[in-house]
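Student: The primary structure of each chain is shown beneath.
Number of protein chains: 2
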Amino acid sequence: MALGEFDLIAKYFSPRTRRAVLGGGDDCALLQPAPGQQLAVSTDLLLEGRHFLPTVAPELLGHKSLAVNLSDLAACGARPLAFTLALALPRLDEGFLEGFSRGLLALAVEHDCELVGGDTTAGPLAIGITVFGEVPPGQALLRSGACAGDELWVSHAADGGLGDARLALEVFRGRVALAGEAFSEVRVALERPQPRVALGLALRGVANSAIDLSDGLLGDLGHILERSGVGATLEYAALPRSRALAAQPEGVQQACLLAGGDDYELLVSAAPAQRDALQRAARDAGVALARIGRIDAEPGLRVLDAQGRPFAHGLRSFDHFAP
Amino acid sequence: MALGEFDLIAKYFSPRTRRAVLGGGDDCALLQPAPGQQLAVSTDLLLEGRHFLPTVAPELLGHKSLAVNLSDLAACGARPLAFTLALALPRLDEGFLEGFSRGLLALAVEHDCELVGGDTTAGPLAIGITVFGEVPPGQALLRSGACAGDELWVSHAADGGLGDARLALEVFRGRVALAGEAFSEVRVALERPQPRVALGLALRGVANSAIDLSDGLLGDLGHILERSGVGATLEYAALPRSRALAAQPEGVQQACLLAGGDDYELLVSAAPAQRDALQRAARDAGVALARIGRIDAEPGLRVLDAQGRPFAHGLRSFDHFAP
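In the order they appear, the protein sequences are chains H and W. Take the first sequence: its letters are residues 0 to 322, numbered as in numbering that gives the first Met the number 0. Take the second sequence: its letters are residues 0 to 322, numbered as in numbering that gives the first Met the number 0.
Just so you know, not all the hints are guaranteed correct.
[What the hints assert, rightly or not] Selected chain H positions facing chain W (in silico; Cβ < 7 Å):
hint	residue
1	Leu29
2	Arg49
3	Leu52
4	Thr54
5	Leu124
6	Ala125
7	Thr129
8	Glu133
9	Gln138
10	Ala197
[To be verified] To be clear about the criterion: a stretch of chain H counts as covered by chain W if any three or more of its residues have a C-beta under 8 Å from a C-beta of chain W, and this derived list gives those stretches:
hint	segment
11	109-123
12	182-191
[Claimed, not checked] In silico negatives: residues of chain H with every beta carbon more than 10 Å from chain W:
hint	residue
13	Phe12
14	Ala28
15	Gly48
16	Gly127
17	Phe131
18	Cys146
19	Ala147
20	Phe171
21	Ala209
22	Gln247
23	Gln252
24	Arg274
25	Glu297
26	Gln306
By construction, these hints were calculated from the structure, which means they are not laboratory data. All of these numbers come straight from a predicted model, not from anything done at the bench. Heads up, the beta-carbon is just placed ideally off N, CA and C, and yes, glycines get one too.
Extracted from the complex, chain H is given alone in its bound form (with noise of 0.2 Å):
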């Protein structure tokens, strides 16, 4: 027999309230943020078919609903608190609901991020997750305070790269086949994303400006270039890739690179003298960094090739609307 909603809510979401004063059940949680603390606040929607495939394992969806949120507090050094959860469903599908709730409480647990509360109702499958974290004042990592002069650097996985979450994505649509091995190293990256929390905390003080990747290189870069009044030159030949994309040919390349999207990385700028620092936050981290370019006085943004000459893509960001 099907579970009522408050059943099933009870059932996969009952709040972990260990730090919250009060955890789902009533009309509202309450938290107790830590004296003198910000709090930083990101929402997201996710929507069958438009950001994740309706075959995808519950399990690993529930782990990138909570991971794209994850990665927007670590873009501003946010330390990870809770979150609520807003759930729309076809149907009392328990195998869905026990996979999803896993996948999601999972990764909650790894970063000591309650659930705290949550609506649940039939519908489209959609995923509403709001995420809260803490930093201290004046301490957030913000888009807008890239410096002329800054080093851009980009998080990747020690043998991963910009661009591999596309390429995955491509292969499920049967556009670029990829051998079975390669394809579960690129598949990892779409599906199981890891916020880059640690790094983000790491980089107070250190880095000028963040931004995590998820609209693409290009796109997410204009965004710190338009909120700092700067420009930027890229440097493509530098941009971290797997060998998996290093093996496609470079139209597929540079799209998945330069345009990708889904990459959930911390796109940062930091002063030259942060070199060492930097190093030493990506090391504690368990993340590598790799230098792709720098911040100029100059508006605009610049892609070089590795003989430093302006390099033809024509690719732009990822619009969700774009036809």
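The hints should help you fit chain W onto chain H, whose structure is shown.
Tutor: Leaving out everything else, chain W in the frame of chain H:
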């Protein structure tokens, strides 16, 4: 020419950042909680066809989307601070966005609740709002505080009552016929609910428990009883009802009053000694409060008719997944 996603967000939803340290446009919004205050958080996901009719005017939809969330803050006695908006839209319809944002932001200004961030995507129309408020520690109104001997009260408009929203919905569904003027009166309850924020604030220290009526009186009272470990007796004849509803057949009245849903009135319990304080709070907040029953030590929910006899109604709470 259609606006791009980022232009769209900027044009209609430019966050008001008077209170927020940092509003939209970065990875996170940053809020500075007032020292010592607790943060009340609630989230709701509204879907077309499920929570609102496709024909509703965009301005009214914008109003209601925030109203139902503010109602959760009201039920906790929390003062609204800020909210995030996640919006899925089938297409970039500027007429819709103009009206929706107008209704949404007008209510936000009225309650001094700032839009601090959001997410926009293409998809079936869905509106996800997470709202934040503040409340002094220990002063939040909870579902769990009802005590045997408490009296039960429900808020209502001076000329309205419970069930009007449901009555209007049944008219839209073609199951009930109402003359033009009566329909105009009740459809306001459905399309433009007024969150009882001022009343919630005034009831701090006065009420022992509170909930907002979103799923219907029986179901929502059931939540209080369950969380408080008590029972209750309702006096059916004491339930406030509008002239339009009072003119309906008894079966329609019962369904609308006891299980209508979408009322967004506050149901509270308070010690009999608080009668004067309750009436003062209601007067100050500009709403009416009707005494509709009492909390019992004996578990279970009893409904009595005007002669004090058990009232057979056969109704149950609203379940989003019920067939």
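Student: Does each hint hold? Answer for all of them.
Tutor: Do the hints match the structure? See the list:
1. Proximity of Leu29(H) to chain W holds as hinted, the smallest CB-CB distance being about 5 Å (cut-off 7 Å).
2. For Arg49(H), the suggested interface contact is upheld, since its CB lies about 5 Å from the closest CB of chain W, less than 7 Å.
3. For Leu52(H), the interface hint is violated, the least distance from its beta-carbon to any beta-carbon of chain W being 14 Å, above 7 Å.
4. The restraint placing Thr54(H) at the interface with chain W is violated, with a minimum CB-CB distance near 18 Å, outside the 7 Å limit.
5. Hint on Leu124(H) is violated. Least Cβ distance to chain W is approximately 10 Å, over the 7 Å limit.
6. At its closest, the beta carbon of Ala125(H) sits 6 Å from a beta carbon of chain W; the interface hint therefore holds under the 7 Å criterion.
7. Proximity of Thr129(H) to chain W holds as hinted, the smallest CB-CB distance being about 4 Å (cut-off 7 Å).
8. The interface hint given for Glu133(H) is violated, since its Cβ lies 9 Å from the closest Cβ of chain W, which is over the 7 Å cut-off.
9. With a least beta-carbon distance of about 10 Å to chain W, the hint placing Gln138(H) at the interface is violated under the 7 Å criterion.
10. For Ala197(H), the suggested interface contact is broken, since its CB lies about 16 Å from the closest CB of chain W, more than 7 Å.
11. Interface restraint, the segment 109-123 of chain H with chain W: holds (9 residues with C-beta to C-beta distance below 8 Å; minimum three).
12. Given a C-beta distance limit of less than 8 Å, the hint that chain W covers the segment 182-191 of chain H is violated, as 0 residues qualify and 3 are needed.
13. Against the 10 Å criterion, Phe12(H) stays outside the reach of chain W, whose nearest CB is about 12 Å from its own CB.
14. For Ala28(H), the requirement that its beta carbon stay farther than 10 Å from each beta carbon of chain W is not met, with the minimum near 5 Å.
15. The Cβ of Gly48(H) does not lie farther than 10 Å from every Cβ of chain W; its closest approach is about 8 Å, which violates its non-interface assignment.
16. Non-interface status of Gly127(H) relative to chain W is broken: a Cβ of that chain comes within 10 Å, the nearest being about 4 Å off.
17. With 10 Å as the threshold on Cβ separation, the claim that Phe131(H) sits away from chain W is violated: the shortest Cβ distance comes to roughly 8 Å.
18. Distance to chain W confirms Cys146(H) as a non-interface residue, since its nearest Cβ pair spans about 17 Å, more than 10 Å.
19. No beta-carbon of chain W is positioned within 10 Å of the beta-carbon of Ala147(H); the least distance is around 20 Å.
20. Non-interface status of Phe171(H) relative to chain W is upheld: no Cβ of that chain comes within 10 Å, the nearest being about 19 Å off.
21. For Ala209(H), the non-interface assignment is contradicted: its Cβ lies about 8 Å from the closest Cβ of chain W, within the 10 Å cut-off.
22. Against the 10 Å criterion, Gln247(H) stays outside the reach of chain W, whose nearest CB is about 28 Å from its own CB.
23. Here Gln252(H) stays apart from chain W, with its beta-carbon at least about 26 Å from theirs, past the 10 Å limit.
24. The beta carbon of Arg274(H) sits about 24 Å from the closest Cβ of chain W, which is more than 10 Å, so the claim that it is off the interface holds.
25. Residue-level check passed: Glu297(H) sits 23 Å from the nearest beta carbon of chain W, beyond 10 Å.
26. Residue-level check passed: Gln306(H) sits 33 Å from the nearest beta carbon of chain W, beyond 10 Å.
Checked against the numbered hints above, the structure breaks hints 3, 4, 5, 8, 9, 10, 12, 14, 15, 16, 17, 21 and satisfies the rest.
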